[in-house]
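Peer 1: Residue numbers 212 to 321, in the working numbering, belong to the letters of the sequence shown in order.
Just so you know, these hints were derived from the structure itself, not from any lab.
Honestly, I wouldn't trust all of these hints.
Capping the alpha-carbon separation at 30 Å, the derived lysine-lysine pairs in DSS-like fashion look like this [what the hints assert, rightly or not]:
#1 K270 x K248
#2 K219 x K270
#3 K219 x K241
#4 K219 x K248
#5 K270 x K241
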Amino acid sequence: MHQQNQIKRTLALPDSIEVVRACSTQKLTKIRASVSKAVCQHFNFSDARGRPQIGGCVKALRELERVGHLSFQRHPKRRLLKARRLDCAVPNPVEVPAQAGDVRACAGQG
Numbered sequence: 212m213h214q215q216n217q218i219k220r221t222l223a224l225p226d227s228i229e230v231v232r233a234c235s236t237q238k239l240t241k242i243r244a245s246v247s248k249a250v251c252q253h254f255n256f257s258d259a260r261g262r263p264q265i266g267g268c269v270k271a272l273r274e275l276e277r278v279g280h281l282s283f284q285r286h287p288k289r290r291l292l293k294a295r296r297l298d299c300a301v302p303n304p305v306e307v308p309a310q311a312g313d314v315r316a317c318a319g320q321g
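Please model the entire structure based on the sequences and the hints provided.
Peer 2: Have a look at this one:
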């Protein structure tokens with residue numbers, strides 16, 4: 212049976228935090244996602260199929276960053292998207308059946 216790794220618990224240890232800092236200084240970039248790959252490899256955080264648990268590692272690193280143990284840069288391709296609103300209301304649908312089962316194939320398709 213595959214032993215489940217406790218990512219958050221392991222990375223919260225003082226010695227592990229030092230290892231994470233070392234991994235982040237060895238990487239050319241200090242972006243959380245790329246550091247998490249190295250951390251998963253170092254601590255052998257993998258799922259039952261042997262794939263690295265990058266998502267869980269990123270979450271644990273984010274929490275360590277939030278409490279002040281670590282600091283990471285934002286990914287340059289990631290930017291916060293702002294919600295956009297239309298200038299006017301969306302028009303009501305035209306010639307739409309009341310029930311989904313009433314939809315018929317268009318004459319031009321098929």
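Peer 1: Confirm or reject each hint.
Peer 2: Comparing the hints with the structure gives:
1. For the suggested pair K270 and K248, the alpha carbons sit about 12 Å apart, so the restraint of at most 30 Å is met.
2. As the CA atoms of K219 and K270 are separated by approximately 8 Å, the hinted pair is consistent with the 30 Å bound.
3. Annotation: proposed proximity of K219 to K241 holds, straight-line Cα distance about 20 Å (limit 30 Å).
4. In summary, the hint linking K219 to K248 is supported, as the alpha carbons are separated by about 15 Å, within the 30 Å threshold.
5. Among the hinted pairs, K270 with K241 is consistent with the structure: their alpha-carbon atoms are about 15 Å apart, no more than 30 Å.
Consistency note: the structure conflicts with none of the earlier hints.
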